[in-house]
Amino acid sequence: MSTPAIETENLSKEYPFGFLNLKTKKSLENLTMRVETGEVFGFLGPNGAGKSTTIKLLMRLIFPTSGTARIQGKSIDDVRMHQNIGYLPEQPYFYDYLTATEVLDYFARFHNLSAGDRRERVAKMLQKVGLETAKKIQLRKYSKGMLQRVGLAQAILHDPEVVVLDEPMSGLDPLGRREVRDIILELKHAGKTVLFSTHILTDAEMLCDRVGVIVGGKLRGVGTPGEMVGIQTQGMEILFELHGELQKAPLLARAARTGERYRVQIPESELYGAIDELKAAGARILSVSQVKPNLEEFFMNLVEADRAQANAIDVSGK
Amino acid sequence: MKNVLTVATNTFREAVRDRVLYNLVFFALLMMGAAILVGQISIGIESSVIVSLGLTAISVIGIFIAIFIGVGLVSKEMDKRTLYALLAKPVQRWEFLLGKFFGLVMTLTVNTAAMAVGLFVALWTVKHSLTGSDVYILVAVYLIVLKLALLVGLALLFSCFTTPFLAILFSAGIYVAGVFAQNLRTMQAVDINPATLRMLKGVSYVLPNFENFNVMGTVAHGGVVPGALVWHATLYGVIYSAVVLAGAAAIFSRRNLK
Amino acid sequence: MRKDWRAGLGVAAIVVLGLTAVWRLQERIDAERHEIYEERDEMQLRSPRLVKALSLEYAPLMGAIYWTRAVQYYGEKHHVGDMKLELLWPLLDVATTLDPKLIVAYRFGSTFLSDAPPRGAGRPDLGVKLLERGLKSNPDEWHLYQDLGNVYYFDAKNYPKAAAAFEEGSKNPNALIWMKVMAAKIAAEGETPETSYTLWMQVLQTATDPAIKKNAESHLRLLKTDLDCRELDRLADEYEKKLGKRPTKMSDLVQAGFLRGVPADAEGYPYVFGEDGKAELNLNSPMLEEKLMEKK
Numbered sequence: 001m002s003t004p005a006i007e008t009e010n011l012s013k014e015y016p017f018g019f020l021n022l023k024t025k026k027s028l029e030n031l032t033m034r035v036e037t038g039e040v041f042g043f044l045g046p047n048g049a050g051k052s053t054t055i056k057l058l059m060r061l062i063f064p065t066s067g068t069a070r071i072q073g074k075s076i077d078d079v080r081m082h083q084n085i086g087y088l089p090e091q092p093y094f095y096d097y098l099t100a101t102e103v104l105d106y107f108a109r110f111h112n113l114s115a116g117d118r119r120e121r122v123a124k125m126l127q128k129v130g131l132e133t134a135k136k137i138q139l140r141k142y143s144k145g146m147l148q149r150v151g152l153a154q155a156i157l158h159d160p161e162v163v164v165l166d167e168p169m170s171g172l173d174p175l176g177r178r179e180v181r182d183i184i185l186e187l188k189h190a191g192k193t194v195l196f197s198t199h200i201l202t203d204a205e206m207l208c209d210r211v212g213v214i215v216g217g218k219l220r221g222v223g224t225p226g227e228m229v230g231i232q233t234q235g236m237e238i239l240f241e242l243h244g245e246l247q248k249a250p251l252l253a254r255a256a257r258t259g260e261r262y263r264v265q266i267p268e269s270e271l272y273g274a275i276d277e278l279k280a281a282g283a284r285i286l287s288v289s290q291v292k293p294n295l296e297e298f299f300m301n302l303v304e305a306d307r308a309q310a311n312a313i314d315v316s317g318k
Numbered sequence: 001m002k003n004v005l006t007v008a009t010n011t012f013r014e015a016v017r018d019r020v021l022y023n024l025v026f027f028a029l030l031m032m033g034a035a036i037l038v039g040q041i042s043i044g045i046e047s048s049v050i051v052s053l054g055l056t057a058i059s060v061i062g063i064f065i066a067i068f069i070g071v072g073l074v075s076k077e078m079d080k081r082t083l084y085a086l087l088a089k090p091v092q093r094w095e096f097l098l099g100k101f102f103g104l105v106m107t108l109t110v111n112t113a114a115m116a117v118g119l120f121v122a123l124w125t126v127k128h129s130l131t132g133s134d135v136y137i138l139v140a141v142y143l144i145v146l147k148l149a150l151l152v153g154l155a156l157l158f159s160c161f162t163t164p165f166l167a168i169l170f171s172a173g174i175y176v177a178g179v180f181a182q183n184l185r186t187m188q189a190v191d192i193n194p195a196t197l198r199m200l201k202g203v204s205y206v207l208p209n210f211e212n213f214n215v216m217g218t219v220a221h222g223g224v225v226p227g228a229l230v231w232h233a234t235l236y237g238v239i240y241s242a243v244v245l246a247g248a249a250a251i252f253s254r255r256n257l258k
Numbered sequence: 001m002r003k004d005w006r007a008g009l010g011v012a013a014i015v016v017l018g019l020t021a022v023w024r025l026q027e028r029i030d031a032e033r034h035e036i037y038e039e040r041d042e043m044q045l046r047s048p049r050l051v052k053a054l055s056l057e058y059a060p061l062m063g064a065i066y067w068t069r070a071v072q073y074y075g076e077k078h079h080v081g082d083m084k085l086e087l088l089w090p091l092l093d094v095a096t097t098l099d100p101k102l103i104v105a106y107r108f109g110s111t112f113l114s115d116a117p118p119r120g121a122g123r124p125d126l127g128v129k130l131l132e133r134g135l136k137s138n139p140d141e142w143h144l145y146q147d148l149g150n151v152y153y154f155d156a157k158n159y160p161k162a163a164a165a166f167e168e169g170s171k172n173p174n175a176l177i178w179m180k181v182m183a184a185k186i187a188a189e190g191e192t193p194e195t196s197y198t199l200w201m202q203v204l205q206t207a208t209d210p211a212i213k214k215n216a217e218s219h220l221r222l223l224k225t226d227l228d229c230r231e232l233d234r235l236a237d238e239y240e241k242k243l244g245k246r247p248t249k250m251s252d253l254v255q256a257g258f259l260r261g262v263p264a265d266a267e268g269y270p271y272v273f274g275e276d277g278k279a280e281l282n283l284n285s286p287m288l289e290e291k292l293m294e295k296k
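Protein chains in written order, with the numbering used here: chain A, 1 to 318; chain B, 1 to 258; chain C, 1 to 296.
In isolation and in its complexed conformation, chain A is listed as follows:
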């Protein structure tokens, strides 16, 4: 068993709150998990579940109440190991008055790079995240998406082995998100380990080797996206187009209609029968696909259950 890229053991964080800070709120409870080297690991959870808390604990921005964590086998207490880590904070914000080039150069200086090397990498990064044209403009004029890209750039500029991204897709338009996805895949192909948190489930499904689901400060499950939701399919879905009169068919009654397009779900066993029916009706079949329960449903169920439990606790007072 090789050293995992990231591992935590009973990592916990409590915050004092309330009147005179007498009460404590557990924002993270006994988190024990591993991220293996070279995998892309997604941290899923609703807002406030503890994803950012975990990441900030790993990056030593906040200190754990109890428990330990190690990155590449080294304790997180050693700041020097940050040489090999890249971090993108949630909603990044950088120095207003600097340009993108200057910001990247500034952050790069903390790594042991020669001046020439630094220059080269800064230029390469700017191109990679698509900020080549805006590199001389001061950051206070940047949009949120552009800032996100600067953040990503500074996270990977020094070619770290482990990359930690806190909500990397937030604030990006579909094009931007696609670019980030591409970068993450690139990193994976280069053998890097990527840990990112998100609440956009489709992204997690697409990118991650494994996901960990955090709700209410507790880790609810870890596994491949498929494992999380079970492999069984629930049937097939046909998307078809039909002009003119609806002809009587048991199928059509069940179809959901948008203009001249229809969508219907049927058990897998009935698939070929349905296709014949549609052929007879003169419909044009647009697509046939599997219906899988997805992460979203799994997720929603978990959140609901958690909320119910929390309410029960409140009511009973225990």
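Bear in mind the hints are in silico, worked out from the structure with no lab data behind them.
Below, simulated EDC-like cross-link-like pairs (lysine to aspartate or glutamate); rule was C-alpha separation at most 20 Å, straight line:
{"#": "1", "chain 1": "B", "residue 1": "Lys-201", "chain 2": "C", "residue 2": "Glu-32"}
{"#": "2", "chain 1": "B", "residue 1": "Lys-76", "chain 2": "A", "residue 2": "Glu-90"}
{"#": "3", "chain 1": "A", "residue 1": "Lys-136", "chain 2": "A", "residue 2": "Glu-120"}
{"#": "4", "chain 1": "C", "residue 1": "Lys-101", "chain 2": "C", "residue 2": "Asp-209"}
{"#": "5", "chain 1": "B", "residue 1": "Lys-76", "chain 2": "A", "residue 2": "Asp-96"}
{"#": "6", "chain 1": "A", "residue 1": "Lys-144", "chain 2": "A", "residue 2": "Glu-132"}
{"#": "7", "chain 1": "C", "residue 1": "Lys-101", "chain 2": "C", "residue 2": "Glu-132"}
{"#": "8", "chain 1": "A", "residue 1": "Lys-128", "chain 2": "A", "residue 2": "Asp-159"}
{"#": "9", "chain 1": "A", "residue 1": "Lys-188", "chain 2": "A", "residue 2": "Glu-161"}
{"#": "10", "chain 1": "B", "residue 1": "Lys-258", "chain 2": "A", "residue 2": "Asp-77"}
{"#": "11", "chain 1": "B", "residue 1": "Lys-80", "chain 2": "A", "residue 2": "Glu-90"}
{"#": "12", "chain 1": "B", "residue 1": "Lys-201", "chain 2": "C", "residue 2": "Glu-27"}
{"#": "13", "chain 1": "B", "residue 1": "Lys-2", "chain 2": "A", "residue 2": "Asp-105"}
{"#": "14", "chain 1": "A", "residue 1": "Lys-136", "chain 2": "B", "residue 2": "Asp-18"}
{"#": "15", "chain 1": "A", "residue 1": "Lys-141", "chain 2": "B", "residue 2": "Asp-18"}
{"#": "16", "chain 1": "B", "residue 1": "Lys-80", "chain 2": "A", "residue 2": "Glu-102"}
Cβ-Cβ distance ranges computed for the label pairs, FRET-style:
{"#": "17", "chain 1": "C", "residue 1": "Glu-189", "chain 2": "B", "residue 2": "Leu-197", "range": "41 to 47 Å"}
{"#": "18", "chain 1": "A", "residue 1": "Asp-77", "chain 2": "B", "residue 2": "Met-199", "range": "38 to 44 Å"}
{"#": "19", "chain 1": "B", "residue 1": "Phe-165", "chain 2": "C", "residue 2": "Arg-221", "range": "52 to 58 Å"}
{"#": "20", "chain 1": "A", "residue 1": "Gln-127", "chain 2": "B", "residue 2": "Phe-68", "range": "38 to 44 Å"}
{"#": "21", "chain 1": "B", "residue 1": "Phe-165", "chain 2": "A", "residue 2": "Lys-23", "range": "23 to 29 Å"}
{"#": "22", "chain 1": "C", "residue 1": "Lys-52", "chain 2": "A", "residue 2": "Arg-140", "range": "45 to 51 Å"}
{"#": "23", "chain 1": "C", "residue 1": "Arg-221", "chain 2": "A", "residue 2": "Asn-21", "range": "54 to 60 Å"}
For every residue, glycine included, the Cβ atom is placed at its ideal position computed from N, Cα and C.
Fit chains B and C to the given chain A structure using the hints.
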């Protein structure tokens, strides 16, 4: 140490681009105005008024910058979360803090030096010559810079554990207390019991005695500042600043960022 | 976590060592600063009218600030034994111009301006000037007449004027009875130890400022020795009448039953009889020096 320099240069750059140095324009205008006005007053004290006014302005402007920007050094980075990305780099928290400190001190030095030039220009305009004893004006300016550095350290210290507003209040408060600290040592003890008196005296030593850096009275009248005083005041400023920064680093190292 | 306590120890060491060093340095700096002590910068503006104009509507506040500076100034000078006190008059001048109702400034000022060095500046004329200004703005403040009388009596040695001041002050219905008594006594006898003693007692009892009280106490101590010696001389005369010769030691008076014990001065040193047969202070007593300073 390299990291400290990196943060320091960046802090300096921020101050410059943040138009902090625009106060120099105000100062220049003030000096020019004073030089003209003073020409109307009786002969003999113009230079002392210019020197007093100039040094006072340098000191006051410097104090404002030291406190307000000093408090903002850390709080702004925490508020705006620029600190997050930075601390994820292989840089220690104390390196960050020291870098901020030196960056602002650098800024203040440049600022003060520029104002000193303005002061000498105004002095020349009024006196039409500069005598040897005028070099002590530079000594007074140097001591002011020391004072400002100590104040920056204190502002940093307070901003590490309270809100910006309170940090400003505490910094200003300790500045005022520090100015009157030496009076605690010499006050007329009539109705106070000896134990309290001794305690007050002790407090007066621990408080930062900002009056140590004040030679305005001497210099304004063309007096001489003894080298020993300058040396001791320098030691005082450096050591006290080190104490304050050590405290700030200790506090900041364990602080949970929001 | 191991690194933590080492770092913590390091910080504690820096703080403790640093503050100790700072303490030591401070003492040296204090000494050096005193050597170059010059006028304070706020006295750049000596003209009271100018300061008043610059104070806008905050004149009373500024007056209070100048008054505070005057007290501190006196305190510092007194502390280091330097009695040049050049700035005392200007500071009080400005303070009372800014706020003519600062009674305490008049009282304090008159005491310490007029009193001879080392206690004060030795300028009774300035004390009178200050008080006259105070009386102009505060004619009902009979204490100022008391102070005026004291200045004339003790420092200017001008008994007619002193008597006149007490007389004037006694006209105030709030004034204490002794004012009138003093007026008459001084007009008749000039300076006597009993009168001096009474006057200082009155200052001690009516003054509120601690420095003034302390000053009065110091005067009273010395006067008491005069009074004690006079009383001892009187007893010695009685002894001579009874036993036919003058006593040479205090214990003679005790043995003869004139005294219950050997009397001592305020510092605890017993009085002795001098070669001329008159009672005087013990040679070892520090009060002797005080007395000589006063005579100067």
